[in-house]
Amino acid sequence: GQQVMQIPQYQHVQEGEDFTTYCNSSTTLSNIQWYKQRPGGHPVFLIQLVKSGEVKKQKRLTFQFGEAKKNSSLHITATQTTDVGTYFCAGEDSGGGADGLTFGKGTHLIIQP
Amino acid sequence: GAGVSQSPSNKVTEKGKDVELRCDPISGHTALYWYRQSLGQGLEFLIYFQGNSAPDKSGLPSDRFSAERTGGSVSTLTIQRTQQEDSAVYLCASSLQSTISEQYFGPGTRLTVT
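From first to last, the protein sequence lines are chains F and W.
For what it's worth, the numbering used here labels the leading residue of the first sequence as 1, then goes sequentially.
For what it's worth, the numbering used here labels the leading residue of the second sequence as 1, then goes sequentially.
Keep in mind that a hint or two might mislead.
Result set (SDA-like, lysine to any residue): computed pairs, CA atoms no more than 20 Å apart in a straight line [to be verified]:
id: 1; chain 1: F; residue 1: Lys36; chain 2: W; residue 2: Tyr104
id: 2; chain 1: W; residue 1: Lys57; chain 2: W; residue 2: Gly40
id: 3; chain 1: F; residue 1: Lys70; chain 2: W; residue 2: Ser101
id: 4; chain 1: F; residue 1: Lys57; chain 2: W; residue 2: Ser101
id: 5; chain 1: F; residue 1: Lys105; chain 2: W; residue 2: Phe45
id: 6; chain 1: F; residue 1: Lys105; chain 2: F; residue 2: Asn24
id: 7; chain 1: F; residue 1: Lys57; chain 2: W; residue 2: Glu102
id: 8; chain 1: F; residue 1: Lys36; chain 2: W; residue 2: Ser38
id: 9; chain 1: F; residue 1: Lys105; chain 2: W; residue 2: Ser58
id: 10; chain 1: F; residue 1: Lys59; chain 2: F; residue 2: Thr77
id: 11; chain 1: F; residue 1: Lys105; chain 2: W; residue 2: Ser87
id: 12; chain 1: F; residue 1: Lys70; chain 2: W; residue 2: Ile100
Computed list of chain W residues with no C-beta within reach of chain F, every gap over 12 Å [claimed, not checked]:
id: 13; residue: Arg81
id: 14; residue: Ser95
id: 15; residue: Glu102
Which chain F residues face chain W? A few, computed with CB under 8 Å, are given here [to be verified]:
id: 16; residue: Tyr22
id: 17; residue: Asn31
id: 18; residue: Gln33
id: 19; residue: His42
id: 20; residue: Pro43
id: 21; residue: Gln48
id: 22; residue: Lys70
id: 23; residue: Phe88
id: 24; residue: Thr102
id: 25; residue: Phe103
id: 26; residue: Gly104
id: 27; residue: Gly106
Just so you know, these hints were derived from the structure itself, not from any lab.
All residues carry an ideal CB built from backbone N, CA and C; glycine is no exception.
Okay, chain F solo, but in the shape it has when bound:
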C-alpha cells in the first residue's frame, strides 16, 4: 500500500534559524496537505498542494510539491517559538481508492530560545 515518509523525525533549532521538513510518497499523489499539531492539541490544516511543481507561501512558510508529485517540503524561515509543534504531511494516492489520506509520521520541531 501507499507509504508516506517524513524526515527528519525530530529537528532542534535555535530561534531565528530556518527549518525544513521533507515528505516522500511511495506512489504518485493527486494532492498533498500539510497539518500542524501543537503540543497537546489536534492537527490543524495549513495548506493543500495539487499541481506538479506548485509552490505556495504563507508568511514565513513555503510549501513545495515536487514535479513528479511524489514529494513535498515545508520550509520555515526565521523560526519563532510559536512554530513549535509537529508538522504532518498527508497525501492522497492518485490511483484513487477510498482509504483517505495517508499521513506521514510527522516532524517534531523543537525551538530553543
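Chain F is already provided as a structure; the job is to place chain W on it using the hints.
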C-alpha cells in the same frame, strides 16, 4: 460555527471492557474519518465514511474495532474487549466532500486501558 466535537475527552477503562467513542462532525460535512495517535507518534488511519457509501474499513487494526455513522452525521467508534495496546488518542475529522478537501479535526478522546 461549531467545529468537530468528540466525547468523552478522556476515558479510562479496564482491560477487557468495551468502550464507545463519539464524534459529531461539522454540519454539512459528508466525509468523516477516524484516526488513532499514540503518544508522540503519527496518525494511524482507521476508517473513512463518505456520504451514504459503504465505509472503508481497511485501517481497522482488528475485528474488535467497529464504527457506525448514523444518518450521515454522528459517528461512534466501538472497541470491544479493550487491550492495553489500545491506549491512545482517538481523533475524528470531517471534511466538506472527500479527501480533496481539508480535514477539520476534533480535540480527540484520550483512551487509557488499565
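Query raised in the report: What are the numbers of the hints the structure violates, in ascending order?
Result: 2, 14, 15, 16, 22
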